[in-house]
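Enquirer: Chains A and B supply the protein sequences, listed in that same order. Take any residue in the first sequence, note its place counting from 1, add 42, and you have its number in this note's numbering. Take any residue in the second sequence, note its place counting from 1, add 42, and you have its number in this note's numbering.
Among these hints, one or two may not hold up.
[What the hints assert, rightly or not] In silico BS3-like pairs for lysine-lysine, Cα to Cα no more than 27 Å straight-line:
(1) B/96 to B/44
(2) A/192 to B/239
(3) B/192 to A/169
(4) A/241 to A/324
(5) B/58 to A/222
(6) B/320 to A/192
(7) A/214 to B/44
(8) A/309 to A/58
(9) A/320 to B/239
(10) A/214 to B/136
(11) A/334 to B/222
(12) B/44 to B/78
(13) A/44 to A/78
(14) B/136 to A/222
(15) A/320 to B/222
(16) A/222 to A/192
(17) B/222 to A/324
(18) B/214 to A/222
(19) A/334 to B/98
(20) B/101 to B/214
(21) B/334 to B/324
(22) B/98 to A/324
(23) B/309 to B/239
(24) A/222 to B/309
(25) B/320 to A/214
(26) A/214 to B/71
(27) A/222 to B/334
(28) B/222 to B/241
(29) A/241 to B/214
(30) B/334 to B/309
(31) B/169 to B/192
(32) B/241 to A/214
(33) A/192 to B/334
[As the list claims (entries may be wrong)] Residues from chain A that keep clear of chain B, each with C-beta distances beyond 10 Å, as calculated:
(34) 82
(35) 115
(36) 143
(37) 200
(38) 204
(39) 220
(40) 243
None of these hints come from the bench; they were simulated from the model. Just so you know, these numbers come straight off a predicted model, no measurement behind them. C-beta: ideal position from N, C-alpha, C; glycine also.
2 protein chains.
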Amino acid sequence: MKNYCFGVDIGGTSVKLGLFTIQGELLEKWEIKTRKDNSGAYIIGDIATSIQNKMKERKLTIDDVLGAGMGVPGPVMENGTVSVCVNLGWVNKKPAEELSALLGVPVKCSNDANSAAYGEMWIGGGKGYSDVVAITLGTGVGGGVILDGKIVAGNRGLGGELGHIVVNPNEKDICNCGNKGCLEQYASATGVVRVAKQKLRASNMPSVLRGKESHLSAKMVFDAAKIGDELALEAVDQLGYYLGLAMSFVTLTIDPDVFVIGGGVSKAGGILLQVIVKYYEKFTILSPTRAKIALAQLGNDAGIYGAARMALE
Amino acid sequence: MKNYCFGVDIGGTSVKLGLFTIQGELLEKWEIKTRKDNSGAYIIGDIATSIQNKMKERKLTIDDVLGAGMGVPGPVMENGTVSVCVNLGWVNKKPAEELSALLGVPVKCSNDANSAAYGEMWIGGGKGYSDVVAITLGTGVGGGVILDGKIVAGNRGLGGELGHIVVNPNEKDICNCGNKGCLEQYASATGVVRVAKQKLRASNMPSVLRGKESHLSAKMVFDAAKIGDELALEAVDQLGYYLGLAMSFVTLTIDPDVFVIGGGVSKAGGILLQVIVKYYEKFTILSPTRAKIALAQLGNDAGIYGAARMALE
C-alpha cells in the first residue's frame, strides 16, 4: 500500500525534507545542506540519497511510497522545466524528472511560493477552500495562486509574482527586480524597515525607533506600533495600504475564497490583519462580501506540506 | 444529430441572438427588444419564444439543438444564480434554469463580459489559446478571465471586474462604482474623453479638440492623436499607462497567454496597441517574454459567440 509521500523544499542554503502519510500527517522532517557548487549539479542527487536513507531507516520500500513533490526557489514552467534558477545555479533543468529517475517513484515540481500556498490550502490557513491566494511576507514578498485546487503557474511562471506588482509608480527607490514601486518595497520585512527609516530621516517625529536605525528589524517596527508609536504605526499603515490595494487587484481579477498571509512579518498577527482588512475593503467596494483573510498556519513547513500534497495529484 | 446551438447576449435595451453550428459558424443573428417592465419578468419568455420561432422557421427540432448559452449584464454566481441585475431589474433569478425549462434543452449562463471573452477565445483574437483575458473598452471597462479554457467568475462574480481596479488612488473624481481612481475612469470611451476635457481645462495647450468639448467622443480624441495633436496624445498616453499597469497586475497574478482588447475604443487600432504595449512592458519587467496583446475580432458579436460556445460545454 502506497501510504507515504515525501515533500521537499529546496532553499538557497538548505533543503527541507518531510515524510508524510498520504492523509497529510508529517511523520518526520529534517534538513540537508544545499550544495550549490558546479552549478547546483549535486542537489538532486543529495536529495535522492537522503530520501533513500530515510526509507531504509524506516524500512519503507518503493511499494510504500506514492511519490514526492518538490518546491524550487524560482520559476518552474508548466512542463516542469526550470530555465534559470539564480539561487541554485540551475540552467535548463528538469528537476522532477531527474529525481524521479533516481528514486523510481513519480515526482512533481513547482515554484516554492506556489508549493507553500498548496500546503496552506491542504492543511493550513486555507483549509477547506479551493480558490486560495497565499502571500508570503518575508525578506521579499512571494505569492501563490490556487484556483479550483490547482496551482496557477502561468506559461512564463509569472503566476503569483505579487511582490512585483507596481503599487506606487511614483516611487523613487529601485526594487531588486529593477522596477520602482513594487509591493515588495513596502510590504516585505525589508520593505517595512525601509519605510520606517525613510520616515525617521524625513521628520523629527519622536519615536522609540530613533537611534536604532542601524539594526532596525520588521519585528521592532511592529512592536513599536503595538505600543502606539506613531511613526511605526505610519510604516505599518503604509504596508497595509499597498498590500490591501494589491489584494483588491487580485480579487477583481480572480475573486478567490481566501487570502492566506504568511512569512516572518505575519507573526505580527492581529495588528497586521487589521490594517490589511481596512485597505482591502476600501479598494474593493464592488461587493458587500469579500475574500476571507487568514494567517498562515504552517510556518516554515508550508513548503514541505505543499510539496507532499503535489505528490498526491 | 445535435448540430446546432443558440447564443444569447442580453443587453439593457436589446437581446442579441445567434444560431450557430457546433463548429462555430454563425448561421444567422437577430435582435429582440429587452422588455424590462415588471422587474424584467418577460425577458426569458421572450427569448424562448424567439428561439422557438427560429427553430420552426428553420425546421429544427429539439433533437437538432445541443443547447443554448446566455450572457447577462451583471454578476452571475457559480451556481447560476443572479442575485441582482440592476440593468434588467432581476433579483434572485436563475435565468439558465428558466430558459432550459421553456426550451427543453440544456442552457448555460454567465456574465456578459466573460461570455464575450469566451467568444474571442473560441473564434476571435484569442483563438488557439486557453488562458485568455479579454478587456472591453466601451462606455465602461469590462473584463473576462479564462484559465484552462474555463471562465473564472469567482464566488462573488468579481472575477474579471478589471474596470474597477484602483490604478490611481490619488484621483479626486468619483467613479460610477463609488470609488476613486478606477481603471474605467481613464481607459473607457467615457474615461478618455474625461481626461481630454480635464487637459483642455487645465492648460492653454493648442489642440484641434478646443471648442468641441460639448460633443467630444473617444473617436475624436483618437483621431486627433493620430494626426499628432499633443493634448490628445497625452490623453491616449494616460489611457495606455493605466491600462498597461492593470494588465501587468493581471500578468503577475495569473500570467495569461493573451490579452484581447475589444469594445468601441479598440477600433482606434494600432495607436492604441502601441501605447498599451509600451506601458505593459514597462510595468512587467520580471520576464523577457510577456503575454501577447491582440485586438478583438468579433466586435459586437463576441457575446453571442461566447454564449454559443458555453452551450458546447
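Enquirer: Hint by hint, where does the structure go against what was stated? Just the numbers, ascending.
Expert: 2, 5, 6, 7, 9, 10, 12, 13, 14, 16, 19, 20, 22, 24, 26, 37, 38, 39
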